[in-house]
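**Student:** The lines below spell out each chain.
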Amino acid sequence: MSILLFAESQQGKLKKGSTELSSYGFALAKQQNTTFTIVTINCEDADQLANYGASKLINLKMETKHFEAHAYATALAEIATKEDAKIILIGSSADAKYMGGILAGKLQAGYVTNVVGLPTSNDPLTVKRSVFSNKAFANTTLAGAINIIGLSNNVHEEISQDSSTTVEQQDVQTTAKCTQASLEQSEGKATIADADVVVSGGRGLKGPENWGLIEDLADVLGAATACSKPVSDMGWRPHSEHVGQTGKPVATNLYIAVGISGAIQHLAGVNASKIKVVINTDPEAPFFKAADYGIVGDAFEVLPKLTEKLKARA
Amino acid sequence: MNQPTYYELYKLLCTHNNLKIFFIFVFHLFLMKILVCISCVPDTTSKINFKENDTVFDDQGVQFVINPNDEFGLTRAIWFKEKVGAFVDVLHVGQASADPTLRKALAIGADKAIRIDTPALDAFVVADQISNYLQANPYDLIIAGRESIDYNGSMVPGLVAAKCDIAFVNTCVQLEIDGSTATATREMDGGMEVLSVDLPLIIGSQKGLVEENDLRIPNMRGIMQARQKPLEVVTAVESLAKSAIQNFEKPAPKAAVKLIPADDIDQLIDLLQNEAKVL
Ligand SMILES: Cc1cc2nc3c(=O)[nH]c(=O)nc-3n(C[C@H](O)[C@H](O)[C@H](O)COP(=O)(O)OP(=O)(O)OC[C@H]3O[C@@H](n4cnc5c(N)ncnc54)[C@H](O)[C@@H]3O)c2cc1C
Ligand SMILES: Nc1ncnc2c1ncn2[C@@H]1O[C@H](COP(=O)(O)O)[C@@H](O)[C@H]1O
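From first to last, the protein sequence lines are chains A and B.
The numbering used here numbers the first residue of the first sequence as 1 and each following residue consecutively.
The numbering used here numbers the first residue of the second sequence as 1 and each following residue consecutively.
Simulated from the structure, these hints should not be mistaken for lab results.
The model shown is predicted, which means the values in this text are computed figures rather than measured ones.
A hint or two may mislead.
With a Cα cut of at most 25 Å, we get these calculated DSS-like pairs of lysine-lysine [to be verified]:
{"hint": "1", "chain 1": "B", "residue 1": "Lys-258", "chain 2": "A", "residue 2": "Lys-309"}
{"hint": "2", "chain 1": "B", "residue 1": "Lys-277", "chain 2": "A", "residue 2": "Lys-311"}
{"hint": "3", "chain 1": "A", "residue 1": "Lys-16", "chain 2": "A", "residue 2": "Lys-30"}
{"hint": "4", "chain 1": "A", "residue 1": "Lys-309", "chain 2": "B", "residue 2": "Lys-277"}
{"hint": "5", "chain 1": "B", "residue 1": "Lys-51", "chain 2": "A", "residue 2": "Lys-135"}
{"hint": "6", "chain 1": "A", "residue 1": "Lys-189", "chain 2": "B", "residue 2": "Lys-277"}
{"hint": "7", "chain 1": "A", "residue 1": "Lys-289", "chain 2": "B", "residue 2": "Lys-277"}
{"hint": "8", "chain 1": "B", "residue 1": "Lys-258", "chain 2": "A", "residue 2": "Lys-135"}
{"hint": "9", "chain 1": "B", "residue 1": "Lys-254", "chain 2": "A", "residue 2": "Lys-274"}
{"hint": "10", "chain 1": "A", "residue 1": "Lys-16", "chain 2": "B", "residue 2": "Lys-277"}
{"hint": "11", "chain 1": "B", "residue 1": "Lys-254", "chain 2": "A", "residue 2": "Lys-135"}
{"hint": "12", "chain 1": "A", "residue 1": "Lys-128", "chain 2": "B", "residue 2": "Lys-47"}
{"hint": "13", "chain 1": "B", "residue 1": "Lys-254", "chain 2": "A", "residue 2": "Lys-289"}
{"hint": "14", "chain 1": "A", "residue 1": "Lys-311", "chain 2": "B", "residue 2": "Lys-258"}
{"hint": "15", "chain 1": "A", "residue 1": "Lys-274", "chain 2": "B", "residue 2": "Lys-47"}
Using the sequences and the hints, build the whole thing.
**Tutor:** Now the structure itself:
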């Protein structure tokens with residue numbers, strides 16, 4: 001019995017969520033009275049995870065340089081079998097959710113996504129996961145001989161541990177099913193998936209020409225930019241920025257909604273964020289019921305002032 | 001005038017009733033076959049409540065619709081049908097209560113609906129049923145959604161891909177098919193990736209695959225035609241669930257919003273920094 005944790009990396013560097021996942025891994029191993037092993041793939045700075053309490057850290061060297069779901073799933077299935085893993089821990093990134101189903105299928109493993117905390121019981125293994133786009137939680141039991149837990153973002157505290165983690169390298173051969181023809185990646189910009197702060201604009205901003213206001217605020221905060229559905233439908237912003245029930249989910253520390261009314265479908269997708277701030281001219285806008293802090297005011301006056309003050313503070 | 005597409009040619013030839021059977025046979029040999037997997041979910045405006053001691057979703061007064069992610073995929077499938085020629089079947093694993101939703105899929109252009117008659121206990125049961133169906137009924141392209149918006153599993157297409165050992169492209173926002181290869185654009189965190197992959201392929205579709213205003217509303221003609229189209233009910237194979245929901249919980253009620261005057265931005269910054277500790 002052991003726990004295997006897959007820490008993602010991108011272009012050789014660990015992704016941001018890997019420390020939270022490792023902290024969860026340690027707590028889980030303690031709870032299950034066992035040890036845990038961290039696996040990385042083509043990662044150059046895996047040793048950064050050496051002080052999170054894992055007994056072992058295995059970096060797999062694979063020929064495919066970039067993420068390829070089938071190859072990754074095959075490699076992880078192999079190592080999980082070799083390490084006799086009973087629980088596999090993965091994150092909630094687009095890549096993790098892409099690969100998770102394939103991995104579960106290969107291992108005939110039980111699998112749950114969007115898990116929000118440590119198991120509430122061990123026999124049977126029971127976890128709480130978020131369902132209905134954050135409108136409810138489901139306490140779910142898992143009955144696989146192996147089970148995969150997909151952890152939501154931003155649900156577990158990051159705690160490092162003094163540990164004697166050994167680091168190994170292993171070569172793996174796997175075959176990919178997809179060939180990458182091209183890749184377009186925004187360099188150095190925070191993404192909705194892993195930013196601590198997301199600044200989001202709605203129809204209240206009147207038009208794409210005003211998005212400088214959103215971008216300026218995002219810049220001082222190191223935040224990612226997002227938008228409501230109609231804003232992307234009208235082509236003011238790319239679809240990739242659409243957040244909500246039918247867009248991207250947001251589970252960040254701070255979500256700032258500007259000129260967004262707070263329709264049920266929008267809130268469903270952003271409610272998992274810790275602190276929500278709304279700026280809206282209409283005090284009756286439903287977003288005020290879901291937010292922690294609110295300003296009843298005109299975005300065109302409030303945003304420049306807020307950006308200015310934050311800049312002065314920095 | 002453009003050259004007629006295979007589909008137009010097919011439609012034209014099929015008006016000759018005695019030739020129809022023959023041509024359906026011939027076209028089956030070289031038209032792409034697409035299967036769209038559909039989950040029926042509560043309409044996005046539904047109130048989420050539970051009954052029987054919070055163990056069962058309360059569907060009283062809830063309207064069920066085609067899962068939005070599946071609807072984007074279905075719309076792209078119908079686009080293929082009309083532009084290059086394809087057979088589009090829709091499949092649902094579940095009970096008869098889903099039949100009206102399947103009829104809607106037929107009304108907006110699918111050719112045939114299949115319902116595998118068993119409660120969709122969890123993603124593993126659903127994936128087992130779909131995979132089993134695919135073994136006996138091969139398709140070139142299988143379209144599922146990135147996730148169903150009720151249980152948010154994001155599991156079914158990956159499970160099917162592994163079980164059938166076929167390629168899978170998730171969060172697919174663009175899809176072109178040329179012969180036996182597909183070019184699919186995948187949205188990832190902070191970027192896009194274009195993948196080239198051989199058919200058969202399963203995709204996880206989402207918004208972007210088609211535009212919002214490409215979505216179709218069934219018209220009278222479509223609804224009438226849908227009544228004539230086949231809805232096959234297939235017996236399920238045995239399969240075991242690997243997960244079970246014990247009970248549901250609602251999130252704790254939120255404290256009231258703290259309102260800050262629009263001319264006191266300093267206060268907002270102070271609260272975010274010292275109270276919420278997020279700056
Ligand atoms: C099936 C379905 C799925 C959906 N999924 C999503 C989803 O995933 N995400 C999503 O966002 N929506 C979704 N929607 C749409 C949703 O119902 C709303 O229509 C949408 O969220 C509204 O966007 P908005 O708040 O930008 O615009 P509006 O509702 O028009 O709100 C604009 C707001 O701006 C305020 N405002 C105006 N001027 C100013 C100003 N100068 N300064 C400050 N505030 C100002 C107004 O008071 C108003 O509250 C979905 C709808 C359906 C039917
Ligand atoms: N009961 C079902 N019948 C057919 N397809 C389903 C069913 N449940 C889920 N799917 C498909 O799998 C996708 C992902 O669902 P899920 O894994 O439940 O989030 C959905 O968008 C559907 O395409």
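**Student:** If a hint holds in the structure, say so; if it doesn't, say that too.
**Tutor:** Checked hints:
With a C-alpha separation of about 20 Å, the suggested pair B/Lys-258 and A/Lys-309 falls inside the 25 Å cut-off, and the hint holds. Between the alpha carbons of B/Lys-277 and A/Lys-311 the distance comes to roughly 18 Å, so the proposed pair stays at or under 25 Å and holds. Restraint check for A/Lys-16 and A/Lys-30: satisfied, since their Cα atoms lie roughly 23 Å apart, inside the 25 Å limit. Between A/Lys-309 and B/Lys-277, the direct Cα distance comes to roughly 17 Å. Compliance with the 25 Å bound is thereby established for this hinted pair.
Among the hinted pairs, B/Lys-51 with A/Lys-135 is consistent with the structure: their alpha-carbon atoms are about 15 Å apart, no more than 25 Å. For the proposed pair A/Lys-189 and B/Lys-277, the alpha carbon gap of about 23 Å is at most 25 Å, so the pair holds. For the given pair, A/Lys-289 sits about 21 Å from B/Lys-277 by alpha-carbon distance, which is consistent with the 25 Å threshold. For the suggested pair B/Lys-258 and A/Lys-135, the alpha carbons sit about 22 Å apart, so the restraint of at most 25 Å is met.
In summary, the hint linking B/Lys-254 to A/Lys-274 is supported, as the alpha carbons are separated by about 11 Å, within the 25 Å threshold. Distance hint between A/Lys-16 and B/Lys-277 is fulfilled; the C-alpha atoms sit about 19 Å from each other, no more than 25 Å. Proposed proximity of B/Lys-254 and A/Lys-135 is supported: the alpha carbons are some 12 Å apart, at most 25 Å. A C-alpha spacing of about 21 Å is found between A/Lys-128 and B/Lys-47, which places the hinted pair at or below 25 Å, so the restraint holds.
Pair hint B/Lys-254 plus A/Lys-289 holds up; C-alpha atoms about 8 Å apart against a cutoff of 25 Å. The straight-line distance between the Cα atoms of A/Lys-311 and B/Lys-258 is roughly 24 Å, inside the 25 Å bound, and the hint therefore holds. Straight-line distance between C-alpha atoms of A/Lys-274 and B/Lys-47 comes to about 23 Å, which keeps the hinted pair within the 25 Å bound.
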